[in-house]
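Engineer: Model the full structure from these sequences, guided by the hints.
Number of protein chains: 2
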Amino acid sequence: MEHAKKEPVTLINIFEVPVGAEHNFVEWWNKSSEVLMKEPGFIDAKLHRSLKAGSPFQFINIAHWETAEALDLARAKHSDVLRSLSKGKGHPALYEVVSRYA
Amino acid sequence: MEHAKKEPVTLINIFEVPVGAEHNFVEWWNKSSEVLMKEPGFIDAKLHRSLKAGSPFQFINIAHWETAEALDLARAKHSDVLRSLSKGKGHPALYEVVSRYA
Chain H
2 MEHAKKEPVT LINIFEVPVG AEHNFVEWWN KSSEVLMKEP GFIDAKLHRS
52 LKAGSPFQFI NIAHWETAEA LDLARAKHSD VLRSLSKGKG HPALYEVVSR
102 YA
Chain Z
2 MEHAKKEPVT LINIFEVPVG AEHNFVEWWN KSSEVLMKEP GFIDAKLHRS
52 LKAGSPFQFI NIAHWETAEA LDLARAKHSD VLRSLSKGKG HPALYEVVSR
102 YA
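Those protein sequences? They're chains H and Z, same order as listed. For the first sequence, my numbering gives the first residue as 2, with consecutive numbering after it. For the second sequence, my numbering gives the first residue as 2, with consecutive numbering after it.
Hints were generated in silico from the structure; no laboratory data involved. Incorrect hints may have been included.
Each pair may be met inside one copy or between any two copies, as identical chains are not told apart.
[Unchecked claim] Heads up, simulated DSSO-like pairs for lysine-lysine below, C-alpha to C-alpha not over 27 Å straight-line:
hint : residue 1 : residue 2
1    : Lys53     : Lys78
2    : Lys47     : Lys78
3    : Lys47     : Lys90
4    : Lys53     : Lys90
5    : Lys32     : Lys78
6    : Lys90     : Lys32
Structural biologist: Below you can see the structure in the form of structure tokens.
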């Protein structure tokens with residue numbers, strides 16, 4: 002599979018957040034997004050919360066960036082904010098859309 | 002937290018797919034989506050594939066339905082197609098957007 006270098010990428014970050022730490026997590030996510038959105042290449046970000054409390058993946062961030070390089074630069078620049086999440090763990094990975102129906 | 006009964010819901014289905022079974026998985030997903038999209042309440046569905054082979058969550062489906070009830074009815078009606086995935090396992094859950102930046 003080949004990827005055009007300048008194609009937008011989808012970042013999907015699946016978070017495990019302990020019960021009781023949800024409020025702090027959302028505050029951390031908002032604080033992080035406020036700095037990241039000002040960086041070149043940011044397109045959008047949406048934080049999804051599970052409708053069922055206690056499900057394994059309580060929060061999922063779905064964000065779009067113009068390039069993987071722009072995302073890497075922004076994350077490196079703001080690593081202090083990103084590392085300040087005290088309770089919870091993210092599993093970030095880059096994705097492309099391979100099929101769609103609408 | 003309260004949810005308006007008729008608010009659209011986001012289905013996020015995280016799939017573990019064994020290496021080598023990716024092609025069959027995408028065929029299964031397309032076949033399933035072709036029947037589900039004809040059911041009442043379907044809005045859209047996008048299959049995301051990880052840019053890195055062998056990452057834990059190779060495929061993630063992000064779909065929108067008008068209501069959780071419509072999704073449940075469609076999944077029950079087409080359970081034969083949905084169960085026909087031979088290699089791979091989904092972790093579906095319903096989500097709402099709690100924060101967004103753009």
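Engineer: Could you run down the list of hints and mark each one as holding or not?
Structural biologist: Results for each hint:
| no. | hint | result |
| --- | --- | --- |
| 1 | Lys53 to Lys78 | between (34 Å within a copy, 23 Å between copies) |
| 2 | Lys47 to Lys78 | within (21 Å within a copy, 31 Å between copies) |
| 3 | Lys47 to Lys90 | both (17 Å within a copy, 25 Å between copies) |
| 4 | Lys53 to Lys90 | both (19 Å within a copy, 20 Å between copies) |
| 5 | Lys32 to Lys78 | within (14 Å within a copy, 43 Å between copies) |
| 6 | Lys90 to Lys32 | within (16 Å within a copy, 34 Å between copies) |
Violated hints for the displayed structure: none, as all numbered hints are satisfied.
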